[in-house]
Amino acid sequence: MGYDLKMRIWRGDQSGGDLQDYTVEVSEGEVVLDAIHRLQATQSGDLAVRWNCKAGKCGSCSAEINGRPRLLCMTRLSDFDQTETITVTPMRAFPVIRDLVTDVSFNYEKARELPSFQPQPRDADGKRRMMQVDVERGQEFRKCIECFLCQDTCHVVRDHEDNKPAFAGPRFFLRYAELDMHPLDTHDRRALAQDAAGLGMCNITKCCTEVCPEGIRITDNAIIPMKERVVDRKFDPLVWLGSKIGVRNRDNDGRTDPRDPD
Amino acid sequence: MATEERTGVRGATRAEIEARTLREDRWWLSPLVTFVVFGAFVIYATVRAFMGRDYYASPYLSPFYSPCLGDCVEGASDFGQPFKAWPLSAALIILIFPLGFRMTCYYYRKAYYRAFWLSPPACAVAEPHSAYSGETRFPLILQNLHRWFWYAALVIACVLTFDVVLAFRNAEHEWGHMGLGTVLMLVNVVYIWLYTLSCHSCRHAVGGRLRHFSKHPVRYRLWTWVSGLNANHARYAWISLFSVALVDLYIWLLAMGVIEDVRFF
Chain A
1 MGYDLKMRIW RGDQSGGDLQ DYTVEVSEGE VVLDAIHRLQ ATQSGDLAVR
51 WNCKAGKCGS CSAEINGRPR LLCMTRLSDF DQTETITVTP MRAFPVIRDL
101 VTDVSFNYEK ARELPSFQPQ PRDADGKRRM MQVDVERGQE FRKCIECFLC
151 QDTCHVVRDH EDNKPAFAGP RFFLRYAELD MHPLDTHDRR ALAQDAAGLG
201 MCNITKCCTE VCPEGIRITD NAIIPMKERV VDRKFDPLVW LGSKIGVRNR
251 DNDGRTDPRD PD
Chain B
1001 MATEERTGVR GATRAEIEAR TLREDRWWLS PLVTFVVFGA FVIYATVRAF
1051 MGRDYYASPY LSPFYSPCLG DCVEGASDFG QPFKAWPLSA ALIILIFPLG
1101 FRMTCYYYRK AYYRAFWLSP PACAVAEPHS AYSGETRFPL ILQNLHRWFW
1151 YAALVIACVL TFDVVLAFRN AEHEWGHMGL GTVLMLVNVV YIWLYTLSCH
1201 SCRHAVGGRL RHFSKHPVRY RLWTWVSGLN ANHARYAWIS LFSVALVDLY
1251 IWLLAMGVIE DVRFF
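Line order of the protein sequences matches chains A and B.
Just so you know, the first sequence maps onto residues 1 to 262 in my numbering.
Just so you know, the second sequence maps onto residues 1001 to 1265 in my numbering.
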């Protein structure tokens, strides 16, 4: 059974724009991206929208639906009343390019700032070994589809453009955590996470976790563990005392920070 | 004001939308409830902590005053009175520890940053502040002391558990008795333990800090168990807040003679 869906869609670019009203015929079982595609096909051929897989796995169609950061392809029309007007805008934390398309290059710049995996030398037989339980630990973080909805909703950059140079954002704290929990990695990124990536800016209000379409517990499993690891290194008086009297810091556990003088 | 308008979601490069949020759900309800309930608790706890009386109704000792290390009434000090000369309420000597634990708790931080500081009030709702430095500067950098308060909270939880044992006495301190106060204190201490053990710092200390779970199977098991508890940390935070206030209220009313303890045996 089809019905007429009322939509408000933001149209414009950096020189200006506004919410425009549309009515489009939709069917039960469709998602918001279907409605936008039909709109594009039948009424508004120049509507810009970024999309790719339509299966919630490519992370392209991130936008804001009724003010909430969501994937257009994973938001079912059946979640809304048929008489309701659905408002769709581009992500509001990033510069808009046109209509629903934003410039997310901020995230790629942050990705480049993050030192990549630096494994230990191979074993004598030329292999590297990890136990299954250690492999599983990072799997949750590997589910990230880089939709950047967590970056979009994070108030540290969403509400404060001036914080962008100093703050990597939840998606990259996820990566910092994944690497720091990796038993074969040798790069101690704890100080880097706190200083260059701005982990201390996060006030753990958990919006990143709320919007993650993959259900990754970003705050509980990545950001807070990274904060605790920074505390191990930086705010733990026993560790500080141990380093001052020359007791080896066992917390380093195979990691070295190239920025450390010793 | 004009400067503020150009930042954040109203910044020059962002999509031009006047509204601070386009959310249509009741996003304000959760921070409002948090504000009212936490605010009520803070007022209640402050009043009770400064009262300095009606905290002991034999054999029950209010959790706000335990351990009672100041110049406490007879029977209340099970660990001596090393601060007998302390001129103010005995609660003020020890409350810094549970208070510090909760103030720096990762869950409570989320709750009060949203409800009291509106930073942000809810997800994708623009905050009213023009500048933000998070937890990088004094005083908020002190949030990193959470694990030290956690150590103290473990001691406090042990003391409260001891208080529950002592509550299996009658008013004359004879063993083998039980009243409604005992039940309330028992429920409270269970939730205090659940809250304390589900703490993120606890999760980190027991195993989260490791890089090789496979080399530490016992700690891995402990971490798995604490992770299960940790998923309910917020729930335990709320319930233990209510339970501690309820036990104190019950003992307050008993001590004032407003109600009589319901004795089971």
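Think of the hints as simulated: they come from the structure by calculation, not from any bench.
Misleading hints may appear alongside valid ones.
Claimed, not checked - Chain A is nowhere near these chain B residues, computed Cβ spacing over 12 Å in every case:
id: 1; residue: Phe1041
id: 2; residue: Val1042
id: 3; residue: Ser1058
id: 4; residue: Gln1081
id: 5; residue: Leu1088
id: 6; residue: Val1190
id: 7; residue: Trp1193
What the hints assert, rightly or not - Here are the simulated DSSO-like cross-link-like pairs (lysine-lysine), alpha carbons at most 27 Å apart as the crow flies:
id: 8; chain 1: A; residue 1: Lys164; chain 2: B; residue 2: Lys1110
id: 9; chain 1: A; residue 1: Lys54; chain 2: A; residue 2: Lys143
id: 10; chain 1: B; residue 1: Lys1215; chain 2: A; residue 2: Lys127
id: 11; chain 1: A; residue 1: Lys164; chain 2: A; residue 2: Lys143
As the list claims (entries may be wrong) - Quick list of simulated restraints, FRET-style, between CB atoms:
id: 12; chain 1: B; residue 1: Lys1084; chain 2: A; residue 2: Pro258; range: 54 to 60 Å
id: 13; chain 1: A; residue 1: Asp21; chain 2: B; residue 2: Arg1219; range: 39 to 45 Å
id: 14; chain 1: A; residue 1: Arg38; chain 2: B; residue 2: Leu1142; range: 53 to 59 Å
id: 15; chain 1: A; residue 1: Glu146; chain 2: B; residue 2: Val1033; range: 33 to 39 Å
id: 16; chain 1: B; residue 1: Thr1013; chain 2: A; residue 2: Val135; range: 24 to 30 Å
It should be emphasised that the depicted structure is a prediction, and the values quoted were computed from it without experimental measurement.
Even for Gly, the Cβ is constructed at its ideal location relative to N, Cα and C.
Comparing the hints with the structure gives:
1. Phe1041: At roughly 20 Å from the nearest Cβ of chain A, Phe1041/B sits farther out than 12 Å, so the non-interface label holds.
2. Val1042: Val1042/B clear of chain A: closest Cβ-Cβ about 20 Å, beyond 12 Å.
3. Ser1058: Non-interface label on Ser1058/B holds, nearest chain A Cβ at 41 Å vs cutoff 12 Å.
4. Gln1081: Given that every Cβ of chain A is farther than 12 Å from that of Gln1081/B, nearest at about 29 Å, it holds.
5. Leu1088: holds (29 Å)
6. Val1190: holds (23 Å)
7. Trp1193: Holds, because the least Cβ-Cβ distance between Trp1193/B and chain A comes to about 20 Å, which exceeds 12 Å.
8. Lys164/A to Lys1110/B: Holds - the C-alpha atoms of Lys1110/B and Lys164/A are around 21 Å apart, at most 27 Å.
9. Lys54/A to Lys143/A: holds (17 Å)
10. Lys1215/B to Lys127/A: Holds: Lys1215/B and Lys127/A sit about 19 Å apart, inside 27 Å.
11. Lys164/A to Lys143/A: Status holds; Cα separation ~25 Å.
12. Lys1084/B to Pro258/A: 54 to 60 Å: Given range 54 to 60 Å: holds, Cβ gap about 55 Å.
13. Asp21/A to Arg1219/B: 39 to 45 Å: The hint (39 to 45 Å, Cβ to Cβ) is violated, given that Asp21/A and Arg1219/B are roughly 59 Å apart.
14. Arg38/A to Leu1142/B: 53 to 59 Å: holds (54 Å)
15. Glu146/A to Val1033/B: 33 to 39 Å: Roughly 35 Å apart at Cβ, these two residues keep to the hinted range, so it holds.
16. Thr1013/B to Val135/A: 24 to 30 Å: violated (41 Å)
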